[in-house]
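Peer 1: Below, each chain spelled out in residue letters.
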Amino acid sequence: MRTFVLWIIQLLLIPLLSPFFIGVTRKMKAQLQNRKGASPFQPYRDLIKLLRKDEIISRDASWVFRFTPHLVFATTVLIGACIPLVSTALTNPFTGDFLTVIYLIALGTFFLALAGMDTGSAFGGFGSSREMMVAALTEGGLLMSLLTLALVSRTTHLSAMAAAVSSLSFYELPPVLLAFAGFFIALLAETCRYPFDNPATHLELTMIHEAMILEYSGKRLAIIEWAAANKYLLFIALGANLFFPWGLADSLAAGDILGSLLLFIVKCLLFSAAVALIESSIAKFRIFRLPDLLFTSFIISMIAIGLIV
Amino acid sequence: MVMYYKILSTKRRLIDLRPSSDKKAALSVGWDLEAYIKKLFKGSLAIRVVTAGSTNACEQELTALSSPLYDVERLGIHFVASPRHADMLLVTGPVSRNMREALLRTYHAVPTPKIVVAVGDDAIDGGIFKGSYAVLDGAHAVVPVHYRIPGDPPSPETILRSLLEIFSDLDGKRP
Amino acid sequence: MPAFLHSQTFLLLALSAFAAGAFGALLLGGNDRRSALWGNGFAVVGSLLGLVFSAAILMTGAELTCLIPTSFPLLSLSLRVDPLAAFFVLLISGIALLCSIYALGYVNHYYRKYNLGVLGFFYNAFVASMILVVTAGHALFFLVVWEIMSLTSYFLVIYEHHEEKNIKAGTLYFIMTHIGTAFIVLAFLVAYLETGAFDFGAIKGGIAAASPFARNVIFISALIGFGAKAGIIPFHIWLPGAHPAAPSHVSALMSGIMIKTGIYMLARLCWDILPGPPPLWWGLLILLIGSTSSLLGVLYALSEHDLKRLLAYHSIENIGIILLGLGSSLVFLSAGMKVLATLGLVAALYHTLNHATFKALLFLGAGSVIAATQTRNIERYGGLIKVMPQTAFFFLVGALAISALPPFNGFFSEWMTFQSLFQGVSTFHLMTKMVFLVAIGALAFTGGLAAACFVKAFGATFLARGRSDEVKYAKEAALPLRIGMGSLALLTLLLGIFSGAVSSGFADIAASLSAFRPGEPVAAVSFSALSVTAGFASLSPPLLFAGIILTMMAVAAVFVLLTRRRTTAIGATWDCGADLTERMEITATGFSRSITTIFRGVLKPTQQTEIEYHDAKLRYFPKAGIVRMEFQDVYDAYFYRPLQKATIRIAGQIKKIQMGNINVYILYILVTLTGLLLWMI
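Chains as they are written, first to last, in my numbering: chain A, 7 to 315; chain B, 657 to 831; chain C, 0 to 680.
Calculated from the structure, these hints are not laboratory results.
There could be a bad hint or two in this list.
Unchecked claim - Pairwise CB distance ranges (calculated):
#1 615/C <-> 754/B: 35 to 41 Å
#2 272/A <-> 426/C: 34 to 40 Å
#3 618/C <-> 797/B: 45 to 51 Å
#4 623/C <-> 291/A: 33 to 39 Å
#5 279/A <-> 276/C: 53 to 59 Å
Quick reminder that beta carbons are idealized off the backbone N, C-alpha and C, glycines included.
My request is simple: use the sequences and hints to build the entire structure.
Peer 2: What follows is the structure, given as structure tokens:
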């Protein structure tokens, strides 16, 4: 019974918390610009408002456009059930494999790119083109960094990987830290942050993710923005719980779970602060400098694998 | 890093938004907005700015709204690129003939419920270009306008107060 | 299960159905409709019989040997059907069945243009020869049917002979396949020298005594020979020309099945005929070839805007992925780890099955689109989802499967390939580990780039608005075409959901090969889930599928409930106030431009601009311009053309002995005879 309740909590945790962390990142960026900024709960208000608006759908769009937001959101919720969030005892041997997670993300990206092309506007088309370019090259770095952890822990189960990394000795840590560097670059790429994409830009010629969703309105826009927030929190959760899993509960006791949840939120806040700091410090890269960065992520992870004893 | 320390340690100066005692900017209403719409957009508003042949004076004031001095984002208001994402259209400029079609399409691209605000004297009735052959004398000639913010150009403070008044709980109808 | 179903008679019955179809179609050649119906109908019957036969063999685990000697040893029928061969017969029959159903509706656009009797004849002969190739048990018989397969496919490639480039593609294919056959003959001759027999069973028995050098020669020549048929890089240059040239149902068969016969013989050779642990470098070489093939295949596919050429390059990519599985299995075999070797082989065979289904599906979809719009250029498509919704849906399923996205079958076979490569990285050290890491990197990038390519292909073909006049007259495909495509789409989904069952079937097939005998435990896969050695990885395909569907339904239900009072209006695409024309949509070339620019070192793009000015002398105001953007095939430019030039130059030198003077020729004869006489004495 308790396991069932915990699974429900795990499924709902990512969708419920993700707008908060987007809001936190925006707030920190505002603070670093000497502004007060919106409250961290502003994204919730944005989503509720969007759900109460009507929609306009282009007449050139097909069922792919209408169907994509639901699929993208569903994949983020499903991935939330595959990764360790509060406890490594809550394992998912059926779909909790890191390859499954990577390819479920790719499924969402595929349909999002199709939806960007579906309305026949010029912005959507080149947004999709750039998104597929970045996604194709990011997959290598992301896979290799998670593979480093898998080789260190001798399993590709995400919960088991978290448990194994938390019991590593100090001398076995360098590959994990190097792999984290590669993973962090992949995180910035997949969640459309600097230096890959500017989530707050108005210039369509500089958009990647935003360009694909220019035609969405009303509830579908809410679903897609929420799904993007979910993806952001998912990557942060993966980074926090796989590379720095100390504090993750290893049993299902209520006290452990509560402590682990609080520590999880603290870790995610630290990650959001890091992302906000990076976004305030560097400029967005020219698009043909991005592959260099992504190949670097790939090479760093290869070196990390070589360092595994 | 030294830069961040300097930024974080600078005292913030924000514009005071308490209603002031001097005369309120004349905010006449074109069409009345229902209360539920005002409540809907009170916490979160997405604005799309359409420059319909404007002199860009109003745009400069609108740009200043995002600065640390006025900081419109703290009120839940943000500017968006696509009219599909927008709730409010801010029209500036006297609507030149070439922009008529574009403004109309932008209006139709915004999903309901929506608000249209004409910012600046030019957008209200043509301003200094009134009567010219090249302009249509104000946004109301093309799209239904709900609110007007007069001024040539209105200062950011005026724009900010007017936006807040649009959503404040005002009793009674407007004339 | 009646024994009749897996008897020799039944197989010969299936083959004679194809023979009847072939000759009957040729005889009825005068009447287009009748010969098409006869030819494709008998192909359907023959495929059904073949399907039943192979299923019976696989279910009972029986082995069949069939020998019909005639006075010419070259023409004696010698078949041996074991589970591996039966699997390939199943594959051939299944895909041929669906392609023949498709062809019933598809070939009607050849009426009155080309002779349909010829098409029926070569088509039936092609399928029958492929079945004979995978069941051949004697090297000479194998060469005969291999040659028949190559010839019939050559005639099918040049079937639309009014087009110049089809003839050229056919000629290149003819040359390359015979170069491959030459190497295969070399391999068989070396085997004969070592064992004194041509029969595969006898070779298997006797080759243990062969020297390692002989075995290496056999391996290398077999790799080149069968690789040329399979389309591995660098022997792939015929593939992008030949597959698009053939009629679409034949392209589906060529791409889905014919190139797999090369894989079949490689598997047969390395796992069954050649005994003992193979040398380590065999597996590493195949891993490296697989990595190159997959990466280069997908990069060239990204640069294509001809729909069928794009699909042909993807075949090269998927053959690379199959080779990755085969290579890792060979490396594990050479280290003596049979369980992990099974995993690699199962992954490779499973990907063979999956690729056959989704590649056939994609080619049939492409055929429907091309038949509806009369052009192969993606740049002229667009908006076809509104007139051809079912074709679009089936093509989307194929695109999702080939991009290895869950819950379709491509994902599960790539998952298993990845797992076997991960095992390789964690088990080995130094050089082997590096090769496995390179393979993993290649596979990771290939998956992403393939998804990018299919977003381009599907998006530019079906979505948004039409880009030209040709699409205005397009109509939905006829019923037989949709049945063929729909069945393949359903098959990709089912093969994905039931991957556990399918993989355990492959484990049994692998267990029957002599590399894995005597009875080693090969249980790395089970019925409802895929799991790899002792908790390294596990995945439950049905649960993944159920998870995706249920979550989607839950999400849709929640959001519909939350927004039930909202309206949805239909409006124009946001166009910033200007009119959107078809030239403003993204083009296929533009879509992949960013990726091709990144990989310009490999793809070597060239751009030529021609501008016509209003005043040719002053050249201020351009009137019209043409920009040509092309890509060079690296192997073509740096390997084949220099080879070609060198061959012509050498031939030119040798030509000098032909002086045209008959007295000199008599002198040559005198010198040769004297020399021979002296040598004999």
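Peer 1: All the hints need checking, so say for each whether the structure fits it.
Peer 2: Here's how the hints hold up against the structure:
no. : hint                        : result
1   : 615/C <-> 754/B: 35 to 41 Å : holds (36 Å)
2   : 272/A <-> 426/C: 34 to 40 Å : holds (39 Å)
3   : 618/C <-> 797/B: 45 to 51 Å : holds (47 Å)
4   : 623/C <-> 291/A: 33 to 39 Å : holds (37 Å)
5   : 279/A <-> 276/C: 53 to 59 Å : holds (55 Å)
This entry satisfies every hint, going by the numbered hints stated previously.
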